[in-house]
Amino acid sequence: MSFKSTACAATALTLATAFSASADSHSPTITIATVNNGDMIRMQGYTDEFTEASGIAVEWVTLEENVLRQRVTTDITTNGGQFDIMTIGMYETPIWGKNGWLVPLDGLSDSYDVDDLLPAMSGGLSFDGTLFAAPFYGESSMIMYRTDLMEEAGMEMPDEPTWDFIRDAAAAMTDRDNDINGICLRGKAGWGEGGALITAMSNSFGARWFDEDWNAQFDTEAWANTLTFFKDLMDASGPAGYSTNGFNENLSLFQQGKCGMWIDATVAASFVTNPADSTVADSVGFALAPDAGLGKRANWLWAWALAIPAGTQQKDAAMKFIEWATSKDYIELVAENEGWANVPPGARTSLYENPEYQKVPFAQKTLDSILTADPQNPTVDPVPYVGVQFAAIPEFAGIASEVSQEFSAAYAGQQTVEEALAKAQDITTEAMEAAGY
Amino acid sequence: MARAVTPRRKALFTMIAWAIGLVIFFPILWTILTSFKTEAQAISDPPVFLFFDWTLENYSVVQERSNYMRFLWNSVIIAGGSTLLGVMIAVPAAWSMAFVPSTRTKDILLWMLSTKMLPAVGVLYPIYLIFIELGLLDTRTGLVIVLMLINLPIIVWMLYTYFKEIPGEILEAARMDGATLKEEILYVLTPMAIPGIASTVLLNFILAWNEAFWTLNLTAAKAAPLTAFIASYSSPEGLFYAKLSAASTMAIAPILILGWFSQKQLVRGLTFGAVK
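So the protein lines, in turn, are chains A and B. Using our numbering, you'd call the opening residue of the first sequence number 1 and step up by one each time. Using our numbering, you'd call the opening residue of the second sequence number 1001 and step up by one each time.
Don't read these hints as lab results, they were simulated from the structure. Heads up, a few of these hints could be off.
[What the hints assert, rightly or not] Coverage of chain B stretches by chain A, computed from C-beta distances (three or more under 8 angstroms per stretch; other residues unrestricted):
hint: 1; region: 1009-1016
hint: 2; region: 1090-1096
hint: 3; region: 1160-1169
[Claimed, not checked] Distance condition first, Cα-Cα at most 30 angstroms in a straight line; then the derived DSSO-like pairs of lysine-lysine:
hint: 4; chain 1: A; residue 1: LYS320; chain 2: B; residue 2: LYS1222
hint: 5; chain 1: B; residue 1: LYS1106; chain 2: B; residue 2: LYS1182
hint: 6; chain 1: B; residue 1: LYS1116; chain 2: B; residue 2: LYS1164
hint: 7; chain 1: B; residue 1: LYS1164; chain 2: B; residue 2: LYS1182
hint: 8; chain 1: A; residue 1: LYS258; chain 2: A; residue 2: LYS423
hint: 9; chain 1: B; residue 1: LYS1222; chain 2: A; residue 2: LYS315
[To be verified] Which chain A residues stay away from chain B? Per the calculated CB distances, all over 10 angstroms, these:
hint: 10; residue: ASP148
hint: 11; residue: PRO161
hint: 12; residue: GLN217
hint: 13; residue: PHE229
hint: 14; residue: GLY246
hint: 15; residue: PHE247
hint: 16; residue: ASN248
hint: 17; residue: ASP282
hint: 18; residue: TYR352
hint: 19; residue: ASP368
hint: 20; residue: ASP374
hint: 21; residue: PRO394
hint: 22; residue: VAL417
hint: 23; residue: GLU419
hint: 24; residue: THR429
hint: 25; residue: GLY436
Quantities reported herein were computed from a predicted structural model and do not represent experimental measurements. Ideal Cβ positions, reconstructed from N, Cα and C, are used throughout, including at glycine.
Make a model of the complete structure from these sequences and hints.
Next comes the structure, spelled out in structure tokens:
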């Protein structure tokens, strides 16, 4: 065969395959965009049961959280219609619901029992009283601590500790010779990483992002106290390089026995108590996130939820899937096959009333943490926004990413706390003015 | 006159070259090793290098969870299609620039290259909207076109450089013998530039294979290639490094094997005309 014929044949074959349409299917198929975490992956494993019962096929698009956020945002803002269900969080839901980009979930069946959803979850996933996303699982944040190290330090963790106690306990538990850090906290830049922790922490210190007229508040004493306390605490008792530690880095440290305490997502409780992965699984205790005596705790509230974009052509099929995936029956299905510790937590009241689930060591503290977070009134002083570790406005993600970079630079010693706060004030003021607030 | 190289000097340079090579290859080696560890071993501190309980469990989990062959086939079609289409357009373009240049040829070449300087995200929305209008979202066709356009400046530049090394007199002689333009390009120019074309094809195939912005943003379930396959195992909330490493190893294996077998052609093409 000549060179020309070979080249033409190869090109034709490749392009023909590229241009070929995918096989048609008679049964409805829905495409779901989701994140890669244990609960979501587990749900994918049970998809066949849903397809068998409903006749609806499911295609999964699983992406890393930040990639997913960019991907689904592009699609929904352009009405691209690539997904029939999107996994989104408490930050996006009220904004997208307000913009009319999501299908209201007001047609859920009686058997779904929408009133069973935890009020904190359904409230955070609604706009103007209408539910726009169904919580698949919810989380708050709490203290996970080493009971053996706490005992060695001669201290006892109260159910509702203060930041002063945490500082003292962290100092007492720190053992640099044995590579044990009294406390591990997120310092990594990113609004969903270190930004989430410091914002939730600032709530407990009486700080807030904006006053009621949307003026930035980083020039207040409350923010100076928050950041100074965090940096002093971590410099004295935190791991080296904490300014680059996020959830995964701290999880790794805790599982290897290198953290006395860790304040982070309640969903981590199942990881650190799993003997297959954690070397300290049998000596972990739980407590509510600390406060500073001002009436607000440093715990956040988040949910990964399933929503239907307004541009879908498969609204009914998508609704059926959401009803199945976030139902009581699904929870029981997982419990039956994989045990109660592995069911998606934090979404339904009935789960926490279940005697079997109450036996799970972290169940009650998870519920208590979720119940103490109030996205409608997250701060000591009133604010014009909704959200505990974020402000549910479109500009927040961009601003908070920049601000958290400044904070991380301060943790790393590249600038002072005062300089970081001054820059945060400028960044936020400028962005809010540009956005017309 | 060539400079004499003593055996000791040669050994030293060889060792330095191996050391640099190992440093460059180490992340890939570490990824491959991690893919055979348990999740607990993957994060252990101090890290374990070779002495651990090797397991294939991660590959089994990845195989069970994802349709690897579908991602692989999409990668082959998208990378292959975009490269072939790009070469078909670039060969005549580079021919005209190399052998019948105008006063603006240099400007055009620079302009083509300047399109690579724009951050891809800057044109995400326009391209996304065009794809919606044309029904190209989540299709291999759409990605073949986009990746071809993205890599076209590099293909044209590379081919232009190779073609410039070919004496124009040979083409003139072919013309005097009655060859048409098509015959001149197909039967005279192309065979002489095969090493250059081969290395261009290989390099652009690798670039298209690894492209992870457009392939993630313009696909969903049907046309997603191996870059999306890897992205599905990355998680900021959960330690799945061993599984991520297994997925990464499976994604890079085909291109590593291709690169290994074609390294001679690749080096030959990349150094084509370097020594005069």
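Was A/ASP282 rightly flagged as not at the interface, with every chain B Cβ beyond 10 angstroms? Since the minimum Cβ distance to chain B is about 15 angstroms, A/ASP282 lies beyond 10 angstroms and the statement holds.
Taking C-beta pairs only, is A/PHE229 more than 10 angstroms away from all of chain B? At about 26 angstroms from chain B, A/PHE229 clears the 10 angstroms cut-off, so the statement holds.
Nearest-CB test (10 angstroms) between chain B and A/ASP148: holds, 20 angstroms
Whether chain A covers the region 1090-1096 of chain B (at least 3 residues having a Cβ closer than 8 angstroms to its Cβ atoms): violated (count 0)
Hey, B/LYS1222 versus A/LYS315, does the alpha-carbon distance stay inside 30 angstroms? Satisfied, since the Cα-Cα distance of roughly 20 angstroms is no more than 30 angstroms.
Between A/LYS320 and B/LYS1222, is the straight-line Cα distance small enough, at 30 angstroms or below? This hinted pair holds, its Cα atoms lying about 22 angstroms apart.
So is A/GLN217 really clear of chain B, every C-beta pair being over 10 angstroms apart? Given a closest Cβ separation of 28 angstroms, the condition holds.
Do at least three Cβ atoms from the region 1009-1016 of chain B come closer than 8 angstroms to Cβ atoms of chain A? violated (count 0)
Hey, A/LYS258 versus A/LYS423, does the alpha-carbon distance stay inside 30 angstroms? At roughly 34 angstroms apart (the allowed maximum being 30 angstroms), A/LYS423 and A/LYS258 break the hint.
Taking the closest pair, is the beta carbon of A/ASP368 still more than 10 angstroms from chain B? Non-interface label stands for A/ASP368: nearest chain B Cβ at 21 angstroms, farther than 10 angstroms.
Would the pair B/LYS1106 and B/LYS1182 pass a check requiring their Cα atoms to be no farther apart than 30 angstroms? Holds. B/LYS1106 to B/LYS1182 sits at ~24 angstroms (cutoff 30 angstroms).
Please check whether the beta-carbon of A/THR429 is more than 10 angstroms away from every beta-carbon in chain B. holds, 26 angstroms
The earlier numbered hints that this structure contradicts are 1, 2, 3, 8, 14, 15 and 16.
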